[in-house]
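S.K.: Keeping the supplied structure of chain A fixed, place chain B upon it in accordance with the hints.
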Amino acid sequence: MNDRRYSIIARLGIVCLWALSSKLVSNEIMIPTIGGTLVNLIDIVTDSSFPMIIRSTLLRGLAGFLISLSLAIILGIAANISRLIYNFMMPILNFLKSVPTMAIIILALIWLSNSNAPMFVGFIMVFPILYETVLNGILNIDSKITDMAQLYKVGRITLIRDIYIPSVIMNLKTVLTSTLGLNFKMVIAGEVLSQPTYAIGSNLQLQKLYLNTPGVFAWIIIIIILINVLEWGIESAMKILKIRRQWK
Amino acid sequence: MKYGVKDLVKRYGNLEVLDRVSIQFEENKITCILGPSGCGKTTLLNIIVGSIAQDDGEVIGFDKEDMGFVYQEDRLIEWKNVRDNIEFVLRDRMDRKTREEIIYRYLKLVGLYEYANYYPTQLSGGMRQRISILRAFAYPSKILIMDEPFKSLDINSKQTIMEFTLKLKELKGKTCILVTHDIEEALTLGDNIVILSKRPARVKRIVENLHIADDNEDNAKGYRSTLRGLIEGEFID
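Here the protein sequences come in this chain order: A and B. Using this note's numbering, you'd call the opening residue of the first sequence number 1 and step up by one each time. Using this note's numbering, you'd call the opening residue of the second sequence number 249 and step up by one each time.
One thing to keep in mind: the hints can contain errors.
[To be verified] In silico DSS-like links for lysine-lysine, alpha-carbon gap of 30 Å or less: (1) A:Lys153 x B:Lys452; (2) B:Lys417 x B:Lys345; (3) B:Lys446 x A:Lys208; (4) A:Lys153 x B:Lys469; (5) A:Lys173 x B:Lys277; (6) A:Lys173 x B:Lys312; (7) B:Lys469 x B:Lys254; (8) B:Lys345 x B:Lys399; (9) B:Lys406 x A:Lys153; (10) B:Lys356 x B:Lys328; (11) B:Lys390 x A:Lys144; (12) B:Lys277 x A:Lys144; (13) B:Lys422 x A:Lys153; (14) B:Lys446 x A:Lys144; (15) B:Lys446 x B:Lys250; (16) B:Lys420 x B:Lys399; (17) B:Lys417 x A:Lys144.
[Unchecked claim] Just a few of them, taken from the derived set where beta-carbon distance is under 10 Å, the chain A residues facing chain B: (18) Asp142; (19) Lys153; (20) Thr158.
[Unchecked claim] In silico negatives: residues of chain B with every beta carbon more than 12 Å from chain A: (21) Phe317; (22) Asp340; (23) Ser389; (24) Thr408; (25) Ser445.
No lab work stands behind these hints: they were computed from the structure. Backbone N, C-alpha and C define an ideal beta-carbon position, used for all residues, glycine too.
Only chain A is shown next, with the shape it has when bound in the complex (with noise of 0.2 Å):
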């Protein structure tokens, strides 16, 4: 209950400071009022264009982290399983984790249509980290299950199905909250550049060009709504799950 309070007041605090730093700046471009931000807010929120703009970035976002949470784990039990996968992810890995992610954002441009060039980022950004929890959550397998289904002649399918795939579950369900936010994250950075018609970040771009800063720390408000929405659905889904196994 302490946590919860410290929280609300930090969250105040923060609302405070904004308002007595708009109040000393006096400049809505700079740092816009709360009462401007909230007009802008109304505004974006009662568009006609507002559910699209949500739903077609909060597709691309889940798209795209499915799409690396699938790969990460079908390579991340194969590299386990095969040296030869493990080798050749390996230079892939590292030049994933090496190269700069805005040439990482150029090359999408290049190479993808507006609409796709975001998950693309996103993925870019999100597939290393979960690949390597999946490699970490298999070679944190008791080594002594693991001889045990030996000892036993469990089939290879038996073993990925009961012992591999709820390790990396375990191991991913630590990372999944935060690997998520920091897609969207990069899912809307790539919007800004990519400018998809319908898209958070095309808005957030719209707004700055017009430099309209209330608009911009609108959508910022919607984004961080957004995010944590989605992060309180995943971890509902998981207490969900627990609850529903332990009742089993």
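M.R.: Relative to chain A, chain B alone:
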């Protein structure tokens, strides 16, 4: 001889671990391999199950057989309940219906059916080891390998679980090999007791344990005491 080892030799570099070890494992009996800690008992088991190769000698009858295993640690899968832990080793051996029947029958047989949906973290150490033993017996094999399965248990649990093992053995005949360094375990469970020397392990003596449960309790006690004396004598030598 259906199951056995003949003149087994194993060396790790200059370190000789097994020196011409020959044992015959009687079918549907428990053969205890009794020896001091670090004498090479686990190496012998690993050669029998095919995990490591011998330098010389012969392993007879084990290569084509399926085997059940019980270790010092229970090796249960934490995210699976009791039922699913047993099913894990049966899944690739039989269809779903047969699996269900076997799991139900075994859990009922030993009065553990009410624990079917418990997870390992909800069970005591002794109970977990019982499930591990039950899993080994439920596995469709003629041979059961046990490597110091009672080592990490307290005295009370150990006695209960040894009785549990004997009960299962009576219900479901299997050729069992039990490795231990504990004379009492060997006397309680073993039909044949193979006494190994210190490293390099050699077979010092093979003792038949008649498990006398005479009406005259003194006779049974006397027999056990004589046998214990004989084994202790071999250990001291």
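S.K.: Taking the shortest Cβ-to-Cβ distance between serine 389 of chain B and chain A, state whether it exceeds 12 Å.
M.R.: Violated, because the least Cβ-Cβ distance between serine 389 of chain B and chain A comes to about 9 Å, which does not exceed 12 Å.
S.K.: Please verify that hint: lysine 153 of chain A, Cβ, nearest Cβ of chain B, below 10 Å or not.
M.R.: 7 Å, holds
S.K.: Within a Cα-Cα threshold of 30 Å, do lysine 390 of chain B and lysine 144 of chain A meet the stated pairing?
M.R.: Holds, at about 23 Å.
S.K.: Does the CB of threonine 158 of chain A sit less than 10 Å away from some CB of chain B?
M.R.: 5 Å, holds
S.K.: Is the Cα-Cα distance between lysine 277 of chain B and lysine 144 of chain A 30 Å or less?
M.R.: Holds. Lysine 277 of chain B to lysine 144 of chain A sits at ~27 Å (cutoff 30 Å).
S.K.: Is the shortest C-beta separation between aspartate 142 of chain A and chain B less than 10 Å?
M.R.: 8 Å, holds
S.K.: Does the alpha-carbon distance linking lysine 417 of chain B and lysine 144 of chain A stay inside the 30 Å limit?
M.R.: 25 Å, holds
S.K.: Given the hint that lysine 153 of chain A pairs with lysine 469 of chain B, does the C-alpha gap stay at or below 30 Å?
M.R.: 42 Å, violated
S.K.: Is it the case that serine 445 of chain B keeps its Cβ farther than 12 Å from each residue Cβ in chain A?
M.R.: About 28 Å separates serine 445 of chain B from the closest Cβ of chain A, which puts it past 12 Å; holds.
S.K.: Check the hint pairing lysine 420 of chain B with lysine 399 of chain B against an upper bound of 30 Å on the C-alpha distance.
M.R.: Holds, at roughly 24 Å.
S.K.: Should the label of threonine 408 of chain B as a non-interface residue stand, given a Cβ cut-off of 12 Å to chain A?
M.R.: 23 Å, holds
S.K.: Holds or violated: lysine 345 of chain B and lysine 399 of chain B, Cα atoms, limit 30 Å.
M.R.: 36 Å, violated
Figure legend: structure checked against the earlier numbered hints; hints not met, in rising order: 1, 3, 4, 5, 6, 7, 8, 21, 22, 23.
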